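S.K.: Let chain A serve as the given structure and place chain B on it in line with the hints.
In case you want the letters, here they are:
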Amino acid sequence: MAAARSDTASRRLWKFHGGLHLAENKAQSVTQPLRPAALPKRLILPLQQHIGESAQPLVQVGQRVLKGEMLARPQGYISAPIHAPSSGVVAAIGELPVPHPSGLEGLCIVIETDGEDRWGRLPDAIEAFEKCAPEVLRERVRSAGVVGLGGAAFPSSVKLNPGPDHPIHTLILNGAECEPYITCDQMLMREQPERVVSGAHVLLHALGADRCLIGVEDNKPEAIQALKRAVAAAGVASLEVVAVPTLYPSGGEKQLIQILTGEEVPRHGIPAQIGYVCHNVGTAAAIADAVLQGTPLVSRIVTVTGEGVREAQNLEVLIGTPISELIAECGGYTPEVSRLILGGPMMGFALHTDQVPITKAANCVFAASLREAPAPDPAAPCIRCGECARVCPANLLPQQLYWYARAKDLDKVQDYSLFDCIECGCCSYVCPSHIPLVQYYRFAKAESWAREQERSKSDHARQRHQARLQRLERLEKERKARLRRRKEDLDKAPSTERSSEQTKQAAIRAAIERAKAKKAAQPVQPRNVDTLTPEQREQIANVEARRRGGDRRADTAGREE
Amino acid sequence: MEFPAVSSPHSALPNRVSSVMLRVILALIPGALAMTWYFGWGVVINMALATVVAVASEALLLRLRGRPVTATLSDLSAVVTALLFALAVPPLLPWWLTVLGIGFAIVVAKQLYGGLGYNPFNPAMAGYVLLLISYPVEMTAWIPPIILNEHVLTLSETLRVIFTGTLPAGLTWDALSMATPLDAMRTNLDLGHLISEIRESPLWGDFGGRGWEWVGNWYFLGGIWLIYKRVISWHIPGAMLGALLLLAMIFHLLDPETHPFGLFHLFSGGAMLGAFFIATDPVSAATTPRGKLIYGASIGALVFIIRTWGGYPDAVAFAVLLMNMAAPTIDYYTQPRVFGETETRND
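Protein sequence lines, in the order shown, are assigned to chains A and B. Per our numbering, residue 1 is the first one in the first sequence, and the count goes up by one each step. Per our numbering, residue 1 is the first one in the second sequence, and the count goes up by one each step.
Quick caveat, the hints were computed from the structure, so don't treat them as lab data. All of these numbers come straight from a predicted model, not from anything done at the bench. One or more hints might be untrue.
Stated by the list, open to error - Label-pair restraints from in silico Cβ distances: (1) S74/B with Q56/A: 29 to 37 angstroms; (2) M325/B with D409/A: 15 to 23 angstroms; (3) S456/A with R230/B: 42 to 50 angstroms; (4) E53/A with R67/B: 47 to 55 angstroms; (5) Q75/A with S74/B: 55 to 63 angstroms.
Glycine included, every Cβ here is placed at the ideal spot set by N, Cα and C.
Same shape as in the complex, but just chain A (with noise of 0.2 angstroms):
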């Protein structure tokens, strides 16, 4: 411990604002030896386990598949593939409880294992990565369905990808697990750091950073010294482990980016902006599997902890994996067991039922007693006594945030910044009237999108509106002008309609010439766009230019238009 504190001092560090001292409560769960969970008869891969576009299914209902075989790739830029954990068959493809907020069901495919886990054929292992491109690490990593462990699951390649405007200089792991309870993170490092180390060394490699910073809070000492160890056998300099004071939320993105360089990530943009690139260790380490031996992700280290569970320990878990089946491996409940969450005591939330599967995005099973997680005591009204804006690690002002998010005042509360807040929790945490405080800024959050949508919707109504009425007046007014014409030549008729017929028929005739002469010549130009005025060319341009958008704009609102 005290070799880890010293290491604090040797490095500037710095503060963000804000933050709690939680009570840690990882011993429990790191007591037993990192193991492999037992193969499940059943896996449930969602198709949607990451941020972005879901994945589409490759495989039909019967079919044979093997351990590491893609079964859905990828649509679109942001989305990740999903692979067979194991060998087995297809047994169905439908909608089934997946783990998330709303107890939603969501399209998986189910694959009956057939108890041989035998791996499929995979792509060569790139162990010269250093001579490789980026673009191919990039796409290794992408085929590989890596998405960020940590617990946002955003599809790694894409932060692989930072663009050329955007040079990245560091590379920050993530190794903070500033959450209670959790602590597979802590326990990847502690047994298997020298992954971490080259999952840093690819990740360098793919971004052209300079150096990597590797944070991790200074409650876990045997994991610094692992790393530390690591990092000297790999004999690079450019690695660097930094123990960081436990504070909550100290393993945000961007409040680990302003301990470690005193850098903030600007408003609603990213650390690519600021030449920063963050990944979670056990990111990097999947990362390094996807890269050095060609595994996809099919599996994670899950912390199944709390006093709801008889054995608190980590297991390397096939995704897919029924957390009622990991239960079980884990001795089963206890009687105290009184609230299921996914994820943490602070962020985590709560599932309705153990029957969902482990996702890659799954870092704990937290079993919690009453004693751990009470049962939330009747909200008292807000005092405004501040102790919520003491402790926000986004600076903002809880209190009047809630104000107004109770009052459904969507334009005050995006005036008090609701969307910068990262929903850590603390706020709610220290509140003396006990107010579900992050529960009223999702909601405003989620008005606000509603409203926004709402908004260019009836915006791009307006627009087709406006231009029907701008052209049926248009309409109108040519109408006119063309019989206002016809009555003057009507009412000059008289004089000029004495000509004889026979001139009349050669006129016709000559006119039926020029005609197919002309048709002979350009057999399929569009006609009069020659002799347009000025005028008529914007109207026409106006026209495509607003079709286009319509069409854009149709294919993203979906299909209410």
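M.R.: Just chain B now, with coordinates in the frame of chain A:
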């Protein structure tokens, strides 16, 4: 197995509104004891009466509004309002004025606005100001502190004065009552006396009036404890007392014979009670760090302005109510810099 769905976070500190209020009450004890020591049983009777009336009227209104009665009463906010009100009014105030004032504070200024957390004005000060502008004679009829008092009333005599209005035999109101130091200073200055002459009276201590200044000291200590316990922050009391002191010192330097020195202002009237216990009422005060400084300093400045040029000898209640109105606007324009924000907003 099925489980309840609850929003994160899943644990919380065991702190409550009632513990915040309880600490305020504890911090008031030294000042309240000092008040009782210097001004007699009337202080205790006022506190008891105000508390009973506050709790009863809050219970009644909660019932009428269909809100949980016991759960809400146990937040102790009505008790805090009652104590602050009782410590602000004269010790021998007739009982029905106490009832009227605290009743107005709880029923109108607090519950009719929606109860705790929704009142735009400090309830205790709203009740106090109602009485001050409606019954100015009774509200300025103070008694001298015990060290200057020739007729110290016993408990039963005090009860009789408050509840029946009958003075002990041989005593008149004129003999019993005495102007507060602020009032005395004000009246004498208006009569054209110089401060050096005024301060020759035995009424005066080191800073303010004798006895009075000691009450201020004990409030100050209670307030420091509240800051230490992080129930309040230093911003509002610091800014309020600082602004009051600064303005008083500037004017004292310009003209020491018509403007009393700075510490006189701090240790007279409601300055200490107001700075630590009344202006810091979080519900009706500004809530951003910069906003609290502006809010506190504005109260301090208003106190000085009203005391010096206004129509009332003390001004804390008026200053607090005026700034209550400005609090939402102050908050809006003094939001702290959000994480990652580079340019300033609201321009």
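S.K.: Could you run down the list of hints and mark each one as holding or not?
M.R.: Each hint, compared with the structure:
{"no.": "1", "hint": "S74/B with Q56/A: 29 to 37 angstroms", "in the structure": "violated, 58 angstroms"}
{"no.": "2", "hint": "M325/B with D409/A: 15 to 23 angstroms", "in the structure": "holds, 20 angstroms"}
{"no.": "3", "hint": "S456/A with R230/B: 42 to 50 angstroms", "in the structure": "holds, 45 angstroms"}
{"no.": "4", "hint": "E53/A with R67/B: 47 to 55 angstroms", "in the structure": "holds, 48 angstroms"}
{"no.": "5", "hint": "Q75/A with S74/B: 55 to 63 angstroms", "in the structure": "holds, 56 angstroms"}
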